[in-house]
Amino acid sequence: MSTDTIMHDLCKGFGALLMRSKEPSFPEEASRVNDRGNLPLHAACSYQASPDILEALIRAYPAGCSHPNSTGNLPIHQACMWQIPSESLELLLHKYPAGAAVRNQYGSLPLHMAASNQASPENIRLLIDAYPDALHLQNDDGMTPLDLALADQEAVSDAVIALLEGRPAPPELTRRQKAEKYQERAAAIERKLASLQNTGSRRDNDVKVVLAAVRRLADRIPHALYVAGVDPNQLEVALSEASPQSDPDIILLETIRKRGSGVRDRVEDLLGTIVGLEHIKSQVRGLRRSAELSDLRTSLMPSKNLVHLLPPALAQETARPAASAMVFCGNPGTGKTAVARLLAKVYHELGVLRKPKFLEVERMDLVGKDVEQTKLKTKEVLEEAAGGVLLIDEAYTLGMASRRNKVDAGASAMAELVYAMQDNSNNPSFPLIILAGFTLEMQAFLAFQPELRKCFPAVYEFPDYSCAELGQIFGDLAASKGFDVEESLTSSFIAGLLERETTPAWRSERNGRVCEMLLTGVRTQVRKRMRVAQMEGTDDQFDPHLILKEDVENVMKSDFK
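For the sequence shown, counting from 1, position 425 maps to 425 in the UniProt record's numbering; every step adds exactly one.
Rather than coming from a laboratory, the hints here were simulated on the basis of the structure. Owing to the predicted nature of the structure, the values given are computational and were not obtained by experimental measurement. Check each hint, because a few of them may be wrong.
[As the list claims (entries may be wrong)] Below, a list of computed lysine-lysine pairs in the DSS-like style, where the Cα atoms sit at most 30 Å apart:
id, residue 1, residue 2
1, LYS528, LYS281
2, LYS528, LYS454
3, LYS369, LYS357
[Unchecked claim] Computed spacing ranges between beta-carbons, pair by pair:
id, residue 1, residue 2, range
4, MET364, LYS549, 36 to 46 Å
5, PRO168, PRO51, 20 to 30 Å
6, LEU477, MET364, 22 to 32 Å
7, PRO170, LYS454, 52 to 62 Å
8, ALA338, ASP559, 21 to 31 Å
9, LYS481, LYS369, 56 to 66 Å
Think of the CB as a built atom: it goes at the ideal place given N, C-alpha and C, for glycine as much as any other residue.
Produce the entire structure from the sequences given, and follow the hints as far as they go.
As C-alpha cells, this is what we get:
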C-alpha cells in the first residue's frame, strides 16, 4: 500500500503546492519520504514539474537533490525517466551538478535514463555537457546510452542519435520533413500490426493478451484510450454495430489502425472551457495521470504472481487515486462556482466520482434552529450530494455567531462535516466537498478551525481576471449564445477597451460578470440596429446574430461607469 503524503500527491498537479509552500510546515513536509524512499521532489520530477515548483521544493529541503530513493534514483534520474522540460532539468543540474555522474542500483546514469525514455535533444545535450564521460559508460546490463536509444529506433530522433554518437546534431527538420517521417513511422507501425496478425500461435496469443488489456481499459475507464489516439465512443459504436459473427479482436485492431492524433478528449474539452486557472488544470491532469497509471497497471496485471514482468514504474502496488477536498478563495465572479460545477463532470469522466452531480449549498441549508436540527440538515445535504460534488458557498459564515443564539449552530455543522469526512475516508460514494468564499474571510475562518483545515489540504486562489482573459471569456460567452462577432472585434480589442473605460477596482468587484453585463448591453444594441434597419427597409440584409465593434464600444462608454 502506498504511503504517499499530501505533499507527494500535490506534486502530481503543482497548483496547490505553491500555495502550500507559504506555510511554516512546508520545509518539514518537503523532507518526508514515502514507502519507496521518494521525496516530494522525486514525485515532482516524475510529473514533469516546472522550474518554479522544483525551486520551491529545493529551497525548502536543499539536500533533496542528492537524496536517493529505494532504487538509488536521485530526483534527476526520475526527471530523465519521465521527460521533464529542459528548463527544469537545467535547474536540477545547476543545483546539484554532481548528480549527472551518479549511478542508481542498476548502474544507470541520468543519461542512460534519458536515452532509454525518448528524451528531447536539448535534455540529452544538457546531460552530456554536465558529464561528457557518460557517453561511453555502460550500465549493469552492458548498455551505453547510445545502445539504449537505438533499442527503439522508431521513436528516437536523428538529433539524439547524433549527440549520443558524439557528433553535432543535424539541422532541425522542416515541417514537411517531420510529416514525412511521421508517415513513415505510421506505415511501419501498420506493417508491424499486419505482421502480428499473420504470425504463429505464440505471437497471436501475445496480441490477444494486449487486446484483452485494451478492452478492459475500454470497459473500466474508457477515457484512458484518448492518450493512445483511440476514441472509446467510436470503438463502442463499432463493436455494437458489428454482426454476431464478427471477431471483436479484429474490430479492435482495425480501430487502433485508424487511430489519429486529433481525437476529441472529453476531459480536455471540459478543461478547455476554463479561461486561465492553469494551476487547477494542472492538478486535474496530475490526478488523471495517476488514475491512468493505476488503470494501466490493473489492465496489464491479471494475476499478482506476474508483477515482476511489469516495468518498474508500473510494478508498485498503487491504489486508484481519489480527489482531495478543496478550498476555493477569490473575489466575486472569478469562477469558483463554475469551476466546481465543471469538476463534477471532469472527475466523473475520469472515474474519480460516481456521478456528475453538483450540489451548491450555503449556511442556511446546513444550519438549523438547534444543534440536533443542524446535524440532521447537514447529514441530509451530504446524502443528497453522494457520489458527486458538494460546494459550500460562503463557507466562512459557518464561523459567524448568530445574533439570536449565543451558541452558534454553525460550529455543529462544521463538526458534523469533519466527522463525516473522517468516517467516510474510504467510501467512494462520499461527495467531494469544496468550500468557497472570499479570500480574506476564508483565510481567517480556516485559521480558527484547525480540525476542519486538516480535512482540506488543497487551497486554490482564484485571481481576478485580466482584461485579456475577460476579452476571451466574452467571446466564448457570445458564441455559446449563438452570436458571431465581426472579424475586427478580437479579444485584444475588447481588452483594450476595458483597460481604457474601466478601473481595476471596478473590474475586481465584478470579474466574469463584466462579460455578462457586456453581452446584455450588446443585445440591446443589436436590437436597436435591427429597428433602424426595419425602418429603413434594409432588414432583409440585417444579421441579428452578428455583434459589431460599435455595439461593444457603445455599451462600455454608456453603461460601464
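Each hint tested on the structure:
Taken as a hint, the LYS528 and LYS281 pair is broken in the structure, with Cα atoms around 41 Å apart against an allowance of 30 Å. Our distance criterion of 30 Å between C-alpha atoms is broken by LYS528 and LYS454, whose separation comes to about 56 Å. The straight-line distance between the Cα atoms of LYS369 and LYS357 is roughly 28 Å, inside the 30 Å bound, and the hint therefore holds. Checking the proposed 36 to 46 Å range against MET364 and LYS549 shows it holds: the Cβ atoms sit about 45 Å from each other.
Under the hint 20 to 30 Å, the C-beta atoms of PRO168 and PRO51, about 27 Å apart, fit the expected range. The hint said 22 to 32 Å for the Cβ distance between LEU477 and MET364, and at roughly 30 Å that hint holds. Between PRO170 and LYS454 the beta carbons are some 56 Å apart, a value that agrees with the proposed interval 52 to 62 Å. Between ALA338 and ASP559 the beta carbons are some 23 Å apart, a value that agrees with the proposed interval 21 to 31 Å.
Taking the beta carbon of each, LYS481 and LYS369 are about 43 Å apart, not inside 56 to 66 Å as hinted.
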